[in-house]
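Participant: Chains A and B, in that order, are what the protein sequence lines are.
The C-terminal residue of the first sequence carries number 482 in numbering that gives the first Met the number 0, and the numbering is unbroken.
The C-terminal residue of the second sequence carries number 482 in numbering that gives the first Met the number 0, and the numbering is unbroken.
Bear in mind the hints are in silico, worked out from the structure with no lab data behind them.
Glycine included, C-beta positions come from ideal geometry on N, C-alpha and C.
A few of these clues could be false.
Under 8 Å between C-beta atoms, here's a sample of chain B residues computed to sit facing chain A [claimed, not checked]: (1) 179; (2) 326; (3) 340.
Now the in silico label distances, taken between C-beta atoms and shown as ranges [to be verified]: (4) 55(B) / 388(A): 32 to 40 Å; (5) 234(B) / 331(A): 53 to 61 Å; (6) 365(A) / 441(B): 35 to 43 Å.
Residue-level listing of the chains:
Number of protein chains: 2
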Amino acid sequence: MESSKRSKRTRKSGGVYAAILAGGIGSRFWPLSRETTPKQLLKVVGDESLLKSTIRRLSPLVPSDRVLIVTNARQAEIIRLHLSYGGDGKALKPGYIVEPLGKNTAAAIALAAFDIYRKDPEGIMAILPADHIIKDGKSFRATVKAAIEAAREGHLVTFGIVPTSPETGYGYIKAGAKAVSRINGYSVKPVERFVEKPDIKRARKYLASGGYFWNSGIFLWKAARILDEIKTYLPEVYNGLDSANSPAETAEAYKGFKDISIDHAILEKAKDVVVIPADFPWSDMGTWSSFGEILEPDENGNIVKGRVVDIGSENSIIIGCDRAVATIGLKDFILVDTPDATLVCPKERAQEVKEVVNILKKKKYIEHEVHKTVERPWGSFTLLEHGEGYKIKKIRVEPGRRLSLQLHKYRSEHWVVITGVARVQRGEETVDIAINQSTYIPRGVKHRLENPGETPLEIIEVQNGEYVEEGDIVRFDDDFERK
Amino acid sequence: MESSKRSKRTRKSGGVYAAILAGGIGSRFWPLSRETTPKQLLKVVGDESLLKSTIRRLSPLVPSDRVLIVTNARQAEIIRLHLSYGGDGKALKPGYIVEPLGKNTAAAIALAAFDIYRKDPEGIMAILPADHIIKDGKSFRATVKAAIEAAREGHLVTFGIVPTSPETGYGYIKAGAKAVSRINGYSVKPVERFVEKPDIKRARKYLASGGYFWNSGIFLWKAARILDEIKTYLPEVYNGLDSANSPAETAEAYKGFKDISIDHAILEKAKDVVVIPADFPWSDMGTWSSFGEILEPDENGNIVKGRVVDIGSENSIIIGCDRAVATIGLKDFILVDTPDATLVCPKERAQEVKEVVNILKKKKYIEHEVHKTVERPWGSFTLLEHGEGYKIKKIRVEPGRRLSLQLHKYRSEHWVVITGVARVQRGEETVDIAINQSTYIPRGVKHRLENPGETPLEIIEVQNGEYVEEGDIVRFDDDFERK
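Using the sequences and the hints given, assemble the complete structure.
Facilitator: Written out as structure tokens, the structure reads:
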């Protein structure tokens, strides 16, 4: 090991890091999830996205500068902008580990492990999916603390969720009877084996036996330890990443990697894999049906949100927005309505939503890619209407923020203020315009829109030109470091 | 009879008139139907509304100036504007018989009969619902011609549709075996009795027997003859209308009228009621399920329109618009999606859509009342966005048309042209503005928007003001005679 590159840099020692796996889109959550709004950026419960919650839940155990987001380049930029304003106005600034390709969890964890090991050979890493719902942060952190101790003892620690129902949608972990360690009241047990998603009969047996846990996909171990296992069980991954000296070399190496999960590649084979029983309320939000676990149904078994009129539906999930939705007699159905797209399907076919997204892509629809309202670090814009040679947007700028200094080569823009005050830089002049005032930005003129006030600014923008897509922006200066 | 008012005016004699009953909203067709877009104004098949088709189908047998639209005041104005431009650019100008209250078909037909009788004591009247689909106009007119002859012979003629399936949604007419008359190949038979909607078993029997017809609600008779029957069986209606000398007196009389159909009030009791067998393809478009009769289903039994992605649905009606709709595994379902509202229900509960509309009303939603795009005689406008103190519209003006000369007391307007050329009268000046140009109409300034070109004009209008509703219009001049 001494000759290996992974040990070449040593600074501090034994810190705890978190690698948040955020490469997925979560297309089973279409139409709420989109390519540019992956599932982990959705506000499923409360006011915060799943990803922000995942980061904040770790604090103060793992400060956000020791958090690494493992994802692809496109999503890394989307996430960076998403995190550049937190709910409290403060940016979250984790590190980013950019995968050249998606190759399942084994490769992603290996890449993160190398990164952490090179910073800190004694470093401990928690692996967390970005899109889980964990309601009790305190209990979660207590479990993580115990897991850290177990990892320091050298174990590969899996988080086994104490099952509360005979769930057929999760894999299970069978624990050995005898604890290998007791830490802060947690009884750390050896993993006997990993079990694939069971049928309902077996799931009931597992629930009754008490020795089975849901495999949460949350893991914790020393970076050095998992790298040793990767060297043993996935030598091509180990060697490829160990010898890569540049992103291009990493990309080249990735091409040959197997698409395999850490569970299958390592954990089912390695020695000394343990499970720590986690009894915090947990949901992996796999499909729309998961909503039933995290939100309280009404007396008819329905979960209803939005401007919905329902007559006689039962056990259904009906999620609307500001449009009117009317449902009659749905039974075990899912209806999700967004401003530009609607999904209706029986609960038992929720898995097939992924296939819907594939069809949308093939048909070259845009509704799998962007929402009608697009979040930006300065606020958001909503596409109101578009057609040949024009586009109408409502633009909202949060107090004190501003868009980049920019120009467009192919379009001119009319702006009419509908709420607040806009500071408009246009060429050499800067003017403030208020409600009911307008301005015109000719093609090719440098301009910038800013909200100097204490309340949100909203304007209507009418774009005219031969080409009115997002690509037509030349940026000169940007508060959010976009190119 | 000689002393009665109804005979006081005599001009010409024996003409054929049509009274089109157009008082309903057709709320079972929500979300396509709205209070301001009743079912009869929908383009269900082809490019023309059901009402326009109903009027044109009569021509040349009954020219449109002998057509009377029987409806309420609000709908009369909506219909007048709707008919002021036909598909060929020509206005249809029927007469209007405005009912003060909706009191079912007996009162409506009585009011129309008085009107026709007073113009022409020998006048013959056809009664037609405004919202039926009749695909074969030629066959329809041939049946009407024969019915006119039968009416001249003194009969009360009902149109009995030759059944093509054991339909449980219609009332039936049982014909006597022996024809009372043979006219142009039509065998006119006496009505033995009217039968309420049957169960499926009885419906099958009726279909097999050959002596039963669907009651189409289309009737034809001499105005004088039906007035005689009304005098006998509904004397309060007869006397009330006979003695009314003003709309106010008619309204007063109406209050006391029974809410009863012409079938129940008269036809089930009167002598010499005959049925003419009508074998043109006919649908009364009672509920969404009727779509299955008028449109051809695909190989899975589905009727699919719009931007729909479907996986594995069967026997369902899925009607989208320009939004994306995804459906998985619907069986015998109805989904109708419009820009601002979506309906989902099993076919067997299509009747309950009416109840949905009642709930929308109670909740003070607006989606039962107006569409996002509102048709106007000069074109249309689409509400893109609205909020406290502002409203954004896309306005489309057809070539050569113009809006009224108007002013607003509470709002100012910004206009940006996105397609075509706008002629803008603003105060004393008139200017033409083209794509990418804009203008501002301050509050209180008289203005008019006109499309002087050969292609449609589209503008974006941003309204700002303390009150931005349709009510804030003071009109000075209007091509469409609106107040």
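Participant: Run every hint past the structure and note whether it holds.
Facilitator: Status of the hints after comparison with the structure:
1. 179: With a closest approach of 46 Å, the residue 179(B) hint is violated.
2. 326: Holds, because the Cβ-Cβ distance from residue 326(B) to chain A comes to roughly 5 Å (cut-off 8 Å).
3. 340: Check passed: Cβ of residue 340(B) comes within 4 Å of chain A, closer than 8 Å.
4. 55(B) / 388(A): 32 to 40 Å: holds (36 Å)
5. 234(B) / 331(A): 53 to 61 Å: Since the Cβ atoms of residue 234(B) and residue 331(A) sit about 57 Å apart, the hinted range of 53 to 61 Å holds.
6. 365(A) / 441(B): 35 to 43 Å: For residue 441(B) against residue 365(A), whose Cβ atoms are near 38 Å apart, the range 35 to 43 Å holds.
In the structure shown, a violation is registered for the earlier hint numbered 1 alone.
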